[in-house]
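Top to bottom, those sequences are chains A and B.
According to the working numbering, the first sequence is numbered sequentially starting from 1.
According to the working numbering, the second sequence is numbered sequentially starting from 1.
Keep in mind that the hints were calculated from the coordinates and are not lab data.
Any given hint could turn out to be false.
Label pairs and their computed distance ranges (CB to CB) [as the list claims (entries may be wrong)]: (1) B/271 with A/280: 48 to 56 angstroms; (2) B/85 with A/326: 46 to 54 angstroms; (3) B/85 with A/274: 50 to 58 angstroms; (4) B/172 with A/427: 48 to 56 angstroms; (5) B/190 with A/26: 34 to 42 angstroms; (6) A/68 with B/115: 22 to 30 angstroms; (7) B/190 with A/620: 39 to 47 angstroms; (8) B/178 with A/665: 27 to 35 angstroms.
Note that the Cβ used here is the ideal one computed from N, Cα and C, for glycine as well.
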Amino acid sequence: MRIKTLTICAALAIAAAAAAYGAESDVSGNITLGGRLVAGENQSAKFREYRDLDDGIFGSFLLNTYKDGYFLSLKGENVGLTDEHVGLDDQSYKLKGGKFGSFKYSLFYDETPHNLSFHNRTFFTGVGTNNLTGVFNANPDTWASRFDYTIQRRDYGGGIELSLNTPFYFSAKFVEQDAKGLKPLGATTAATGGPFYEMPEPVDYKTNNLFFDTGYRSTNLVASLDGMLSTFRNKNDYLTWQDPTPPNGVNSLPPDNDYWKVGGQAAIKLPLSSTLALRGSFAKLESEPNLLTTDKYKGDVTYTSTSAALTSNPIKPLDTKIFLSYLRKDNASNTFTFGGAETEVFHYKKLNGGLDIGYRLPLDTRANTGYEYLKVDRNRQDATTTEDHIVYAQLKNDYFDMVTAKVRYQYLNRGAEFDKGTVGTGTNTATLGRFERRFDATDKTQHAVKAGVDLTPMEHLEFGIEYAYKVDDYDVDRTKLGRALVKRHEVLFDAAYELPGVFKVSGYFDYEKMKDESNHRYFQSGGVGANPDPGSGVNVATSYNWTATLNDENIGYGAAVEVPIIKDRLDFIASWDYAEADGAVEFVTFGPSLQDIPAYDDYVKKTLNAKAVYKMTRALTLTAGYLYENYEYIDQELQNYQFVLGTNAFSGAYADHDYEAHVGYLMATYRF
Amino acid sequence: MDKKANKMLLLSTLACTMLLVTGIFSLAAGEVGYVGSEKCKECHEEIAASHAKSFHAKAWTGKGEGYGCESCHGPAGDHVNNPSRETIISFGKESKQTAGEKSARCLSCHSATPSVSFWDMGRHKREDVDCSRCHSIHKQSRPEVSEPETCFLCHKDIKRDANRQSHHPIIEGKVKCSDCHNPHGTLSHGMIKAENINQLCYKCHPDKRGPFIWEHPPVEENCLTCHTPHGAKSSKLLIQKRPNLCENCHNGRHPGTPYDATAGFNGSASPSTKLKFVGRSCLNCHNQIHGSNAPGSAGKSFTR
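Chain B on its own, in the form it takes in the complex (with noise of 0.2 angstroms):
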């Protein structure tokens, strides 16, 4: 080994030493400054209370004195010499951490749990959405989101789509936002469970997925075509009403016909044209819109 090589084993053997000398003497003196839950509850009774009661505190049970309120809040040290929100990891609208040093004192544990993996991927971490602004700790209850309740304080947009007359069963209860969603983050766009949305409608509309024999292309590539999924004016969830929405593309069709106010029940126009307007419309024939198994001409334009 050659001088220079010792001389930079020495060193660092030195700079080794110093700094595990001043982490001992910093332990010793109690600098790191954990001070334990009972002295949290001097002050914090209430939710001391609440706490002990949540599931947090029950997974916790018979853990040891590592897991407690410091385990999430840091060393309350500081904080017991000098009480207030700059002295502890506080989680609340007044906290003075990011939203990043928040979901990070969550992810040292939850990092490791598989539906949390991809977090850093999603749209919620890049938005400064941090754990706590969905999920309350300290309540009795698990830590579950109120679905569609939470996702609603932000998503207004999807909440007045929810509520239009055409909707999923989403404020009836029957479907959840996390049923679709990740919410903490995965490599599909909309964060949904899915790697494409046709796989991800198809596991409850099973029917749909075919294969066919005869397939509506734009249907085969993306539900989203015709449908917006949250709730529409427009009945099925369409995103536009029929026959409109269909010429939009087909413009060769019965051929290329005005459907006016005179095709109505009661209007002027001739019984076969009223028929392809009224009722279900387009659907009225074209009634395998979604694919066909039929012979013919007929399976080819979904009417059979």
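The following block holds chain A by itself, in its conformation from the complex (with noise of 0.2 angstroms):
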């Protein structure tokens, strides 16, 4: 792959330097080359979780030329070498080039790694196939496989997009995405319980990506159709891990896929200051998994999506939107009886619309209210209906020219129908399904308030603050058990001043405060006195109320400075952040006692990153910066972590989330 790389970059290098070096070209750019070196207790994935950060040489390049009409562009950013290989797992390279009104064209390559967690291990063999074999024993220390959880994925392609100076154009598009590596997956061997293992699945996807757009475009007409054509494949249709008992586990991964789209849109000036908007698509997606027995399963899900907007303004300070969509997602797949289950098919329709209204009102107030509608129907027994109703207003004045000012409330009332109100016999664990609804689609009101001023008070100084809070009420009379309140709470507050040629200051502050309550009842069926009803007054050992409360406090804020040391030549440059959040969860029972939870996702991250930048002459500049993190992670999920539960046995995945590391580099760039 590493070779593959370098070709690709090799030949986008040749290509900007063929067009750089052609006569009376206007080249400009860039390049930067640095060295690196990385301490401290550094070996978390979560340092690394998106970013390639070891010790090695890496550097950047930008190059600009324009000839006759004709520009082209080569970037590469993180271009570099560690001592582990060349290239960094970071790494990305884009060509652009084409002519003014006529066409363009692109190539590019990227490089994104997604290290999940370090450090894991497995008393399976095998690991990185989608056939894992081993027998559990409870010393970890013997275990067969030492591994990392990490996914690297590759993305590359190129485009071209043709007018030659007409109204008329067209553009196509291609993608490879290849995703490598290993990921957590857990599972009991049995299928409905027994020993539990964690154990790395094979993660080994490729995907084609085909994108085109053609169309009509001039000042009041743009009308165009496009498309999309994408497979997906997965090398490993299952991971079948052995274990004496049972002899054989086998888990389902994501199946391949085929997926297109087409769909036309236009935009059309109309008087009044008018335009009209219109979209209408259609897409399909099908697959056809090996099920590993007699079975057939074809799946045929379709997408069928229409959309209108008419905008205007009649007069000066009115405008107007009003907005109709209806999408619909149809599932044709065909039902069976598979191993024993009924299968079943889920489709909904989803119809939304609405009105906004802004208007100028004197003293530079801009004065905007509208109406939402939206209607969602499902083929669910538990989420039949749901129908929104959403009314706003905003109000936006920047009459005094130092402070903008803007001030919005809407409300939020869903209603929803359900069919499950005679579910269960009334002793069994089924009943409880009379009493829990999905969140996401039961009866709740909304009330959201945000307020925010910028104030620019004078010269070289900003202020600016924001606070937001949404309340969503869920009806428990209606829906007993599941998500009943939630409450948010948000400031952010950010400034910045300015001493031409002394220094730039700027810092911020943001807080939010989230608070969620939700009922549930447990319930032993067939215990004695249990009882299903949460409303029954019935709290005993095997069925009783009880609440829990999350409490999500998050604080962050830090502070940059930019002080010229001597004008002109050397720049100081720092910047200092603090990220804490701090989760716990409360509980009221109605029977045996309960232990609130302390730390929820509870973190805090210190980020500390200075550079002084020497421009030694007008084209080259020399860096030397130090980058400090620091990452303290706890919770109770992971506190405390064993590979062995009972005969439960863990690989480690996401145990290691510390890290404190240091950075120190130097680098030159030079421009031209």
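Please dock the two separately framed chains into a single complex, following the hints provided.
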């Protein structure tokens, strides 16, 4: 793969150089080359989650050329090598070119690592394949396999756009996405229970996407047809894992699928400063997975959508928008009895429409108000229909040059229909279905307020502050079990000041507090005196009500400074960021006592970034920098991590969050 | 033709003639007020030099007199006589033009650009965000927006979310705002580049699109029922931590058991109870939560 990468780079470079060195070209750009050292306790996947930060050499380049109406741009980022490999895991290259008004082309290559968890282990052998074998033992030190959960993604492709100085255009783009690596998968040895093993699932995906778009464009009409063809292929249909008990475990993995979509749209200018926009599309998704049995499944899902919107500005202070859209998902997949269970298909229809009216009031005040309706019909007993009615109003004022203020209020009322009022026999677990709903498809009201002010009291001084409050109040008379209430407060503040030629300083602070209350019922079917009805008043060891309140708090603040130490020669730039999250769950029980959870995704992240930038000449800049990151994570679900819990085996997935890293670097940038 | 019609025709012809004559005399007298870019350079030398290196300037090379400063700033005749912001169309913070007026200058050419054709439908237009709020025209580089920095200037809540411990690689530069959104307007909510959320997410996550024999309806309907796209406190961009998130819908499982602090690795709960809480919680067993093709109740409950 690295050879492929280098070949692509070389091809791009040659193409760019050929253009750049043409006679009388206008060439500009830059090249950066640097070295980096990384120290500290940094062997956590979290530190390298989406980036390749190792000791080594790194660089970037940018080349822009113009000649006789032709242009070309070549860009490379995160180019380099480490002591382990040539080419960084997050490298990217992009070539763009063309002739103004006539055609464009592009080529790109982009890698993204997704490091999930390092230092993992399993008693299975065959890691990386779709066939794991092994025998559980309770001593993880003796387990056969050590590995990292990481997925490396590569996207590459290219595109063309043709218009040839006519009102007609055509564009096409091809993208291949490859993803390879391992991610965690858990399974119990018996399908309905038994010992649990966490194991590495092989990821070996290839997706080919072809996009096209063609149409006509003029000032008063733009009309186009577009489409997409996409194939997804997973090298592994199943993951088989073998242990003496049971002889075989088989997990289904994401199936191969084919997807295509065609669409058309138009924007038409009309009288009264009006614009009509239309769009329609049809998409089809198919899959025929190998089920390892004589059963056949032909997955066949279609999405049909139509949308229209009309905006109008009939008189200067008034502007309106009216919109309507309809989307339906149809599922024509075959249903059958599969392993003793009847399969079913899910489909839905969504109708959405609304009106927005904006009016410019005196004193540079703009008022907006509107109404929106959304109806979703589903072929589901538990969420047959939901209907949303949303109204909102917004005021924005920028009468004073130094102040922009905005306030918005929104109210949502959701009504839901369901058909599970008689499920169950009254004493079995299914009866609980009478009282629970999907939280996204149940009755609720929502109030949301948002206010913000941007202030520039003097030149080079800016402030901004925002406050938002949202409450979702679920109808607990109709939905007795499940989410009951969610409240969220948010504050965002930032400020910036510049004393030209002396320094720039900026800072920010944000705070968010979220509270989620939910109602639940423990119910042991067949238990003595057990009653599934949460309104029955029965609270005994075999059936009792309990509530959970999840409290999340997030705080972030930081500051940045930029000081020219020697004017036009030496700049010092530094920033400090602090982020803290605190989560906890409080229980109220009408049965056995419960212990609150004190740490739920708690973390503190500190980041210091400092660099000195020395401009040696107009073209050459030297930078010396230092990055410090410290991340501490505490969570009840991962604290005191153990690979073995009774007869259950974990692999260490996501147990390696904490890190402290020091990164020092030196780099030179040459501009031309 | 009756007398009344004749009269109307005569009046119309007269009116048209007067307009034409007035127009011709106005042009002849130079009242339109175009002065040419060279005149602008006399005072705005630095800006002109910068603009000469810009993408627009390169695109306009060789196109003649009609392409220059006044293409965007309008006729500068009055401005030359009376240099002030009131006498010229400007785009900076202290501009005297409204957002709509400023955008109209750009749209006079770019309304025919396919990706901008739904500008009138978008939220940015309705919020008085004009083109120059995001695009720098005079700079040497292409007028492409620096993402996500430019977007974060206004969308501070998104900036905050993108910096949370679980996030799409936005701040790492691997996912751009414009990969998912068209800031120039779409007919979709959130100006996303798809008809609905799921079809957008499936572009990069085709392994989640199925179709699956066993579907998880909220998953099929809207990825954002469980996930938040920019960043979250909880891993996997979940809006809440498991098992709380799952228990917000599912009570009749295990059955409605509260998983409290005793269910941690060192807690006093039984291993079978802990198993449903520690590590990846519900996903320890229900690992195919986006859909399954396995037979029987194991597939139906997403455990295989």
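Results of checking the hints against the structure:
1. The supplied range of 48 to 56 angstroms is met by residue 271 of chain B and residue 280 of chain A, whose beta-carbon atoms lie about 55 angstroms from each other.
2. A hinted range of 46 to 54 angstroms for the beta carbons of residue 85 of chain B and residue 326 of chain A is consistent with their spacing of about 47 angstroms.
3. Distance hint check: the CB atoms of residue 85 of chain B and residue 274 of chain A are about 31 angstroms apart, inconsistent with the given range 50 to 58 angstroms.
4. One distance hint, 48 to 56 angstroms for the beta-carbon pair residue 172 of chain B and residue 427 of chain A, holds here, with the actual separation near 54 angstroms.
5. Distance hint check: the CB atoms of residue 190 of chain B and residue 26 of chain A are about 39 angstroms apart, consistent with the given range 34 to 42 angstroms.
6. In this structure, residue 68 of chain A and residue 115 of chain B meet the distance hint of 22 to 30 angstroms, their C-beta atoms being roughly 26 angstroms apart.
7. A beta carbon spacing of about 44 angstroms between residue 190 of chain B and residue 620 of chain A agrees with the range 39 to 47 angstroms that was offered as a hint.
8. Roughly 29 angstroms separates the CB atoms of residue 178 of chain B and residue 665 of chain A, a value that falls within the hinted 27 to 35 angstroms.
Consistency with the previously given hints fails for number 3 only.
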